[in-house]
Amino acid sequence: MEDLKQLYDAIVEGNANKAKSLTTDALAAGMDPQDILNKYMIPAMDEVGRLFEINEYFVPELLISARAMKSALAILKPRLTATGAKPIGKVAIGTVKGDLHDIGKNLVAAMLEGGGFEIIDLGVDVTPEKFVNAVREKGANIIALSALLTTTMPSMKTTVEGLKEAGVRRQVKVIIGGAPVTQKYADEIGADGYSDNASSAVALARRLVNEPK
Amino acid sequence: MNQLLSELLAHGPILTDGSWGVHLQSLGLQPGESPDVWNLTHPDVVLKVARSYVDAGSRIILTNTFGASRIMLNRHGYADKTVEINIAGAKISRQAAADKALVFASIGPSGTLLMEGNVTEDELKAVFEEQAQAVVAGGAQAIVVETMSDLVEAGIAVAAARATGVPVVASMTFDSGKKKDRTMMGVTPEQAAEALTLAGADVIGANCGQGIEGYVPICERLHAATGLPIWIKPNAGMPEMIDGKAVYKTTPREFASYAKALVEAGASFIGGCCGSNPEFIREIASRLLS
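Going down the list, the sequences are from chains A and B. When we follow our numbering, the leftmost residue of the first sequence carries the number 15, and every step to the right adds one. When we follow our numbering, the leftmost residue of the second sequence carries the number 630, and every step to the right adds one.
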């Protein structure tokens with residue numbers, strides 16, 4: 015079997031073309047798509063996250079690597095679906111009601127996708143009802159809420175309340191983040207977790223999906 | 630140096646203004662609502678904020694146009710009012726400033742990353758040119774391209790502002806990295822100073838993203854990296870949520886206690902960003918004049 019360390023490196027370095035051709039070659043050589051994903055691609059994005067957390071990578075490097083991951087994943091996906099492979103979790107992500115900023119939300123979505131999660135991107139200015147529907151109709155098991163403004167942070171609270179009122183709060187884990195958001199605020203509103211950056215959001219989501227409900 | 634700027638700077642450091650958004654919220658702006666649209670719907674309230682800074686002693690006031698690019702306004706459904714909102718913002722500030730202060734129009738980031746591929750450089754250029762031309766048509770005497778994190782976007786905005794012929798301040802937000810001395814996109818003060826000087830800015834600055842103590846070393850580094858005057862507008866610390874409201878804990882007095890250090894670090898223009906208010910400007914004025 016071909017050693018796919020090169021695919022790992024291509025994603026860490028953000029070389030999308032190389033990542034695509036290596037993935038195509040690996041599939042053609044008969045490698046298990048799930049192995050390609052779990053042994054090379056996801057660990058590569060974990061390394062990207064680690065470099066981001068120690069401030070060796072900044073947003074541009076993260077975006078370039080995420081793009082490489084995404085293009086390789088696009089090749090892998092039909093095969094993954096065909097084998098019946100399931101993502102480690104389904105995340106419905108959005109910027110909360112009243113808030114129109116999406117840069118942070120997009121970064122977190124890209125990192126979560128790179129970490130093996132399926133992403134349901136609800137966009138910006140998302141009402142609590144839309145999050146509820148994502149749980150009911152699309153089977154999301156994680157809700158990720160973003161807010162950039164101190165004035166829109168209270169919408170995180172109303173979203174958590176909306177999930178409770180709809181009776182779906184126990185089916186999901188709620189994680190929150192954004193420039194003004196803190197662990198203290200997450201505790202206050204009864205969210206399950208807080209992350210202060212796109213990379214640690216992946217570790218948080220993984221920890222939560224493995225927790226008993 | 631530009632004549633307007635050299636005349637201003639002939640008499641020592643210049644006091645700019647503080648935040649607008651928080652102020653407008655206390656006067657009824659709703660969470661998530663576009664502050665810039667208030668230039669058309671609540672001009673009297675915007676005028677009140679502008680006046681409060683002139684009364685506090687600001688020699689330069691900005692405009693309520695930070696988020697008034699066509700891209701940002703489009704998110705609120707007001708793209709078709711882009712030009713009017715910018716003209717009105719400049720006019721309101723000019724009215725408040727009268728002959729006591731100068732009006733530097735605020736142009737904030739587009740809110741979208743070039744690298745994400747949702748917008749092209751040509752589109753950004755057109756968007757910033759439209760906004761820059763409108764604020765100058767409304768009477769802005771200079772333009773502040775502020776709160777930028779990406780050097781490419783900042784460069785495009787500076788070029789667009791420069792094309793109008795007024796002086797241009799280019800200010801980035803340093804809020805990332807171990808020492809909080811990088812922008813979100815990883816730009817260092819040295820890289821910012823060099824690129825923005827080359828892009829044709831008349832003043833290089835830093836604003837938002839952290840409290841005033843962190844901006845003293847950044848100011849030193851900007852000053853060492855360019856011969857241009859330096860503009861600094863820090864936050865009143867980082868906000869804490871108390872009973873659902875953002876509270877900025879730095880007091881005007883604490884904030885102003887760093888004013889001298891900023892001047893010694895090379896700052897020529899000093900003011901505040903998020904969480905600051907006219908009280909902060911008064912305190913800085915009393916420190917710098919004493």
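Since the hints were made in silico from the structure, they are not lab data. Every residue, glycine too, gets a C-beta built ideally from N, C-alpha and C. Please note: incorrect hints may appear among the correct ones.
Unchecked claim - A short, non-exhaustive set of chain B residues, derived as facing chain A with CB atoms under 7 Å:
#1 L656
#2 G657
#3 P660
#4 I700
#5 A708
#6 L742
#7 K809
#8 M814
#9 P868
#10 I871
#11 G873
As the list claims (entries may be wrong) - DEER-style ranges, computed between Cβ atoms:
#12 B:E893 <-> A:E179: 31 to 39 Å
#13 A:G204 <-> B:S886: 33 to 41 Å
#14 B:T670 <-> A:P57: 24 to 32 Å
#15 A:A43 <-> B:N747: 32 to 40 Å
#16 A:T172 <-> B:H640: 25 to 33 Å
#17 B:V876 <-> A:D46: 32 to 40 Å
#18 B:V876 <-> A:E175: 40 to 48 Å
#19 A:R220 <-> B:A639: 55 to 63 Å
#20 B:S915 <-> A:K144: 33 to 41 Å
#21 A:K53 <-> B:M630: 58 to 66 Å
#22 A:R64 <-> B:E662: 54 to 62 Å
#23 B:L827 <-> A:G181: 43 to 51 Å
Right, here's what the structure says about each hint:
1. Because the beta carbon of B:L656 sits about 13 Å from the nearest beta carbon in chain A, more than 7 Å, this interface hint is broken.
2. Hint status for B:G657 relative to chain A: violated, with the closest Cβ pair at about 12 Å, above 7 Å.
3. Interface restraint check for B:P660: the shortest CB-CB distance to chain A comes to about 4 Å, inside 7 Å, so the restraint holds.
4. Contact between B:I700 and chain A, as hinted, is not supported at the beta carbon level, the nearest pair being about 11 Å apart and thus beyond 7 Å.
5. This hint is violated: B:A708 has a C-beta 13 Å from the nearest C-beta of chain A, more than the 7 Å allowed.
6. For the restraint placing B:L742 at the interface with chain A, the shortest Cβ-Cβ distance is roughly 6 Å, inside the 7 Å limit, so the hint holds.
7. The interface hint given for B:K809 is violated, since its Cβ lies 10 Å from the closest Cβ of chain A, which is over the 7 Å cut-off.
8. With a least beta-carbon distance of about 5 Å to chain A, the hint placing B:M814 at the interface is held under the 7 Å criterion.
9. Because the smallest distance between the Cβ of B:P868 and any Cβ of chain A comes to about 5 Å, under 7 Å, the interface hint for this residue holds.
10. At about 10 Å, the closest approach between the beta carbon of B:I871 and any beta carbon in chain A exceeds 7 Å, and the interface hint on this residue is violated.
11. Proximity of B:G873 to chain A holds as hinted, the smallest CB-CB distance being about 5 Å (cut-off 7 Å).
12. The hinted range of 31 to 39 Å is not satisfied by B:E893 and A:E179, whose Cβ atoms lie roughly 56 Å apart.
13. At roughly 39 Å, the beta carbons of A:G204 and B:S886 sit within the given window of 33 to 41 Å.
14. Checked against the hint of 24 to 32 Å, the C-beta distance between B:T670 and A:P57 comes to roughly 53 Å, which is inconsistent with it.
15. Checking the proposed 32 to 40 Å range against A:A43 and B:N747 shows it holds: the Cβ atoms sit about 36 Å from each other.
16. Between A:T172 and B:H640 the Cβ separation comes to about 51 Å, which falls outside the hinted range of 25 to 33 Å.
17. Checking the proposed 32 to 40 Å range against B:V876 and A:D46 shows it is violated: the Cβ atoms sit about 54 Å from each other.
18. Here the CB-CB span from B:V876 to A:E175 is close to 23 Å, at odds with the stated 40 to 48 Å.
19. Our hint of 55 to 63 Å for A:R220 and B:A639 holds, since their Cβ atoms are close to 60 Å apart.
20. Range check, B:S915 to A:K144: about 51 Å between beta-carbon atoms, so the 33 to 41 Å window is missed.
21. Separation of A:K53 from B:M630 is about 60 Å and conforms to the stated range, judged on CB atoms against 58 to 66 Å.
22. At roughly 39 Å, the beta carbons of A:R64 and B:E662 sit outside the given window of 54 to 62 Å.
23. With their beta carbons about 59 Å apart, B:L827 and A:G181 fall outside the hinted range of 43 to 51 Å.
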